[in-house]
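Once you've looked at the hints, dock chain B against the given chain A.
Heads up: the sequence lines are chains A and B, in that order.
If you're matching positions, the first sequence starts at 1 in my numbering and goes up one per residue.
If you're matching positions, the second sequence starts at 1 in my numbering and goes up one per residue.
No wet-lab data here; the hints were simulated from the structure.
We put the beta carbon where it would ideally sit given N, CA and C, even for glycine.
Careful, some of the hints might be misleading.
In the EDC-like style, the derived pairs of lysine to aspartate or glutamate whose C-alpha atoms are separated by at most 20 angstroms in a straight line are [said to hold, decoys possible]: (1) A/K316 x A/D306; (2) B/K220 x A/E131; (3) A/K162 x A/E367; (4) B/K220 x B/D311; (5) B/K326 x A/E128; (6) B/K326 x A/D306; (7) B/K326 x A/E367.
So, partial list: chain B residues that the calculated Cβ filter (under 8 angstroms) puts toward chain A [said to hold, decoys possible]: (8) L29; (9) R229; (10) S255; (11) M265; (12) W291; (13) P323; (14) F395.
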Amino acid sequence: MSALRFGYVTGPVLGALWLFVLATTLAVLMSFATGDPFRPAGLWSLFWGAALGLGLVALRPGQGIASLAAGVAFVLLAVIGIGPVASGESASTLWKLVGSGALGLATGWSLHVILGRLPGMGALTRHEFEEAVIRFLTGFGYIFFTAIVAIPFYVMVMTSLKNQSELIQNPLDFTIDLSQGWGLFRSYVELFADFNFGSYLWTSFYVSVLTVLLTLAFSIPGAYAVARLRFRGRAAFSRSILLIYMVPMIVLALPIYIAFSMTGLRNTIFGIVLIYPVTTIPVALYMLQGYFRGLPAEVEEAGLMDGLSRLAVIWKITLPLSLPALASVSLYVFMIAWNEFLLAFMLLDDPSKFTLTRGIASLNSSEIPRQHLMAGAVVATVPIMALFLGLERFMTKGLTAGSVKG
Amino acid sequence: MSDSTGPASGPPRGTGPLLKREARLAWGLLLPTLAIVSAVVVLPLLAIFWISFKPIGLADLRPPAPVVRESLRGSGDELRLQYRVRNSSQSEPITGVTLSDSLPDSLSVVTADPRCTFDGADFTCDLGDLDGGGRDEVEIFVALQGDEDTAEEAAEGSDPRMTGRSTNILTNFDFTLENFDRIFSGDEFWGVLGVTLFYTVFGTLGALIFGLFAAMLLNKEFRGQGILRGLYLFPYVAPVIAVAFAWIILFDPFSGSANALLIQMGVTSSSINFFGDRPLALIMVTVFEIWRYFPLSFLFILARMQSIDTDMYEAADMDGASPFQKFWYLSLPQLLGILSVLFLLRFIWTFNKFDDIFLLTGGNAGTRTLTVNVYEQAFAISNIGAGAAVAVVVFCCLVLFSILFFRYVSQEEGL
Chain A
1 MSALRFGYVT GPVLGALWLF VLATTLAVLM SFATGDPFRP AGLWSLFWGA ALGLGLVALR
61 PGQGIASLAA GVAFVLLAVI GIGPVASGES ASTLWKLVGS GALGLATGWS LHVILGRLPG
121 MGALTRHEFE EAVIRFLTGF GYIFFTAIVA IPFYVMVMTS LKNQSELIQN PLDFTIDLSQ
181 GWGLFRSYVE LFADFNFGSY LWTSFYVSVL TVLLTLAFSI PGAYAVARLR FRGRAAFSRS
241 ILLIYMVPMI VLALPIYIAF SMTGLRNTIF GIVLIYPVTT IPVALYMLQG YFRGLPAEVE
301 EAGLMDGLSR LAVIWKITLP LSLPALASVS LYVFMIAWNE FLLAFMLLDD PSKFTLTRGI
361 ASLNSSEIPR QHLMAGAVVA TVPIMALFLG LERFMTKGLT AGSVKG
Chain B
1 MSDSTGPASG PPRGTGPLLK REARLAWGLL LPTLAIVSAV VVLPLLAIFW ISFKPIGLAD
61 LRPPAPVVRE SLRGSGDELR LQYRVRNSSQ SEPITGVTLS DSLPDSLSVV TADPRCTFDG
121 ADFTCDLGDL DGGGRDEVEI FVALQGDEDT AEEAAEGSDP RMTGRSTNIL TNFDFTLENF
181 DRIFSGDEFW GVLGVTLFYT VFGTLGALIF GLFAAMLLNK EFRGQGILRG LYLFPYVAPV
241 IAVAFAWIIL FDPFSGSANA LLIQMGVTSS SINFFGDRPL ALIMVTVFEI WRYFPLSFLF
301 ILARMQSIDT DMYEAADMDG ASPFQKFWYL SLPQLLGILS VLFLLRFIWT FNKFDDIFLL
361 TGGNAGTRTL TVNVYEQAFA ISNIGAGAAV AVVVFCCLVL FSILFFRYVS QEEGL
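Isolated chain A, as found in the complex:
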């Protein structure tokens, strides 16, 4: 490692790697955005990155100058044809030059952030070296995670707005024709008009809400008892909750399928509402008891001293104090019920009773064009994502409340 700790090694190495990362990102981004063939020129990007890194360490220019210089240089290199991003013949020259310029500006600016605090060409202290590496890794991490999360989502949304023949012609062309106006959303319109998705959406919604209500009704008293009351077998009980949470659903689904087939509960919403809360009660109970334990017992004892019964204490003191936890548990349970696929898939065959996930599964056939499938996926994803982003704070706390102790 110590051989790396010189300005004239660290600068070029990080610069080369960084430009390679950025050039790949930009090529993917421009391919997705314009549909034109762009690709990173591997060796050239490594070479120019190394040169840029060396220049930054040796000359120590200001951030603005570095960005501008890199921007201009990359545009010129693109004109000659030895820039860090290469393109096929059909790519438009304008996009190529704009892209190269933007890449240069971004690289100059960010590489200055990564390498700017290095003292120069000479030996580096361990601190300076590691901090530069960490800044590089941080930048790489942001790009990497954003890409892996955003690309599937982007593909999902854009596919739903196009049509099958366009997609097979050029799978990379995600440009949408804005002149169609509302026509863009025709697969959504068809989904709701011909495939009954309005009813699936409604079924999923009320099944999830009922699941949340039933889960809370069962798990609040249970969680309180486990968290606060002393009784024999409390520890064993608290463990068995977790154990039940671990039982694989497929193991239970088989006997449930048999029992529902025999009692006629298959293909009924009632059967689904009966079974969903049971899959969520252990989770909810586990999360809530963790939160209840964290509440100060003194407040409840004061209530008891003032003559409230235990149940009144739960209703008037504990529940109002744990509203944030209740919100996060509800959100989590709602999410589980909304996303549940296995049981809906096995127990529902009648298209008039499908939940949303079951409805999407029924779209997966070769006769139905894939933009409908993706439109269905978007319809299922957007409500839960919106709910989630709105209440993200609750969710983060609630998920971790039960098991993470200080």
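Showing chain B alone in chain A's frame:
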């Protein structure tokens, strides 16, 4: 509280009335949960053990029963009510089959099948036993008063009642070890187990490592941190069916964007069948598992990171520790507890995972794990008994993991 103990006479011993009342209340509060959980978790678990020892297929779920079709045939002297009876099962016999019905007002009996006895308009026929796949027929010659169509409607409108006894394979006491024999014999089982272990181990480790990386990225205050954190949760929050299909379309061998991108970049010359080739399919489903569950690990790890005391880092700074040293000697030991909890939990959950692989590959191309095998045996091959036997194996593994979990983790993290 009204029932406090009387004047102090030494410290209280044993279970006092207060404690008893508290325990009673506790059980009262837990009773609904216990009842419903045992009905839907414990009973099915017992059922799966029971079924795993039974030679039963999907078709045997409905017990054999006599099925009847009634029709009014012929005219004039030949006018007769015809009942065609058959056994719904092709293999199991039904004993003591009887048929009973009543004639409508407009019809009267002329001659009847000798097995039938009449009581006014009502009659009962004793048909004896019906073999597997057996058929029988009862004819009653009748005389018509009034319109034929209305009589036909009236006769066929009243459903005949059938009774009969048959053994239900689910409840009888025939047991067999054939199911276990079938799943353990041959190389298939060990292949499936190997695939399961690969998927579980690498899926778990990957999700933990990527979760740790993501948590370190977001463990600092900056503008847009909330948005980024919300965005990174997307794989976990979105319905599995939506993201699985998005992946399938993204990696489609003929028209997928990923292939087009790789070809354009010169990484590969021909398109790759990501979810159809061994061993790539297994790697891809593992990558999908990592992608889908790194947000969960990152949430837990981030929560733990934010509760680490910053004093320590300041002290380390004073002593001249480098950033990597701080990570290795301060952060990692602090995170070891949550990392081990997460490892075991995720290990168990990944082991139990079914939907992801089922949606991505359907268990083809060498991606069949134990849980997918449960489904395959029970529904694709229609052998519920064998499916249940695999489920029993899965459950036994789970019990083993849980014992490890509670032995090594619980004291540390206070679960």
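Quick rundown of the hints versus the structure:
1. A/K316 x A/D306: Measuring from Cα to Cα gives roughly 13 angstroms; hence the hint holds.
2. B/K220 x A/E131: holds (15 angstroms)
3. A/K162 x A/E367: holds (17 angstroms)
4. B/K220 x B/D311: The given pair, whose Cα atoms are some 16 angstroms apart, holds under the 20 angstroms limit.
5. B/K326 x A/E128: holds (14 angstroms)
6. B/K326 x A/D306: violated (52 angstroms)
7. B/K326 x A/E367: Distance of about 57 angstroms is beyond 20 angstroms: violated.
8. L29: This hint holds: B/L29 lies near chain A, its Cβ roughly 4 angstroms from the closest one there, short of 8 angstroms.
9. R229: Constraint on B/R229 satisfied, holds at 7 angstroms.
10. S255: This interface hint holds because 5 angstroms falls under the 8 angstroms limit.
11. M265: holds (4 angstroms)
12. W291: Result: holds, 6 angstroms to nearest chain A Cβ.
13. P323: holds (5 angstroms)
14. F395: holds (6 angstroms)
Going down the numbered hints, you'll see the structure goes against 6, 7, while the others check out.
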